[in-house]
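> Here are the chains, one letter per residue:
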Amino acid sequence: MEIPEYLNFLEKNLMTGSARWVADFTESFRKYKIEDKTFEIFMRGSTRTKQGLFLARFFAWTMLPNYIVTCLATTQTENMSKTIMTIENFMHEKEFHWGWLVFVREGSIPPSLKNSLEGVTEKTLGVAVVDVTKKEIATSKNYLGRQMTSHLR
Amino acid sequence: MKTYSRFQLYQFLKAFFVMFIGLTVLLAITTAIFHSTISGIQILLALNIIVSLTAGYIYYRNRYALSFSYDGQGFVLKEGKEEREAAWSRFDAVSLYHTGYGDLNVRVYQGTDFLDIPASALKIDASDLRFEVMEFIKKEGKDE
Numbered sequence: 001m002e003i004p005e006y007l008n009f010l011e012k013n014l015m016t017g018s019a020r021w022v023a024d025f026t027e028s029f030r031k032y033k034i035e036d037k038t039f040e041i042f043m044r045g046s047t048r049t050k051q052g053l054f055l056a057r058f059f060a061w062t063m064l065p066n067y068i069v070t071c072l073a074t075t076q077t078e079n080m081s082k083t084i085m086t087i088e089n090f091m092h093e094k095e096f097h098w099g100w101l102v103f104v105r106e107g108s109i110p111p112s113l114k115n116s117l118e119g120v121t122e123k124t125l126g127v128a129v130v131d132v133t134k135k136e137i138a139t140s141k142n143y144l145g146r147q148m149t150s151h152l153r
Numbered sequence: 001m002k003t004y005s006r007f008q009l010y011q012f013l014k015a016f017f018v019m020f021i022g023l024t025v026l027l028a029i030t031t032a033i034f035h036s037t038i039s040g041i042q043i044l045l046a047l048n049i050i051v052s053l054t055a056g057y058i059y060y061r062n063r064y065a066l067s068f069s070y071d072g073q074g075f076v077l078k079e080g081k082e083e084r085e086a087a088w089s090r091f092d093a094v095s096l097y098h099t100g101y102g103d104l105n106v107r108v109y110q111g112t113d114f115l116d117i118p119a120s121a122l123k124i125d126a127s128d129l130r131f132e133v134m135e136f137i138k139k140e141g142k143d144e
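Line by line, the protein sequences are chains A and B. This note's numbering puts the first residue of the first sequence at 1, with every later residue one more than the last. This note's numbering puts the first residue of the second sequence at 1, with every later residue one more than the last.
It should be emphasised that the hints constitute simulated quantities derived from the structure, not laboratory data.
The calculated DSSO-like cross-link candidates involving lysine-lysine, where the alpha carbons are at most 27 Å apart (straight line), are:
#1 B:K123 with A:K50
#2 A:K31 with B:K139
#3 A:K135 with A:K31
#4 A:K31 with B:K138
#5 A:K114 with A:K33
#6 A:K37 with B:K139
#7 A:K50 with B:K14
#8 B:K138 with A:K94
#9 A:K82 with A:K33
Using the sequences and the hints given, assemble the complete structure.
The structure is reproduced here in structure tokens:
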């Protein structure tokens, strides 16, 4: 699989696939600029789904928290910690409750990138690196990071 | 200009049942008012269906029928009698919007205002159309 194909797959899976059980990502932008960086995908949604019949909606309205969430994907894997900081600021500014950040690359994931993932301490941001050629996925160790694995492949 | 127009069975059935139920209720009220009994119920039912189909189709054409035409400069979106025509240069961003049940719209933004192009209802690949519109907006923006 190549990067453009993987990005299409990721977008579709988050909007209409398995990730709907985690959050309802309703809107997706491509080539989205945040500060000096261009992200291949920027998605936003919420954890309270607005789909389904009366009972499903009533359940969602009464039981599920209404968290505004985001998912961003980029192919720029250099300066990972700076990108993470940019996203943390962006989330704070736009009042997102939590987010996923996906670094997409072709080629195996070097140990330096894996080490960078270890350094992610922010609880509201899950970070993952995906090698599209081998479908290898490395994620941050926080809860949101661990949750990402099944939705990225 | 490329033109897409699809018959939407779900919307047509909705229009048909609205008419059918309306006519049935009207018939029941008329019968109750004049204290009469209905004779030839099969003929009345057949007539009711024929009238509902015709009226439902007219209602569908005027209210729901979708048609979308576009080229590199702009587009025309018709929904029933309502027609929206705009140049791509008016818009500054485009997104893919999930309306539920797997249906996707292409949403074009003019500042905070937006307009939805119902790609799935028109059986257009929403992702492909989105990329095409992104190119149009970029190109039009550069020309200005």
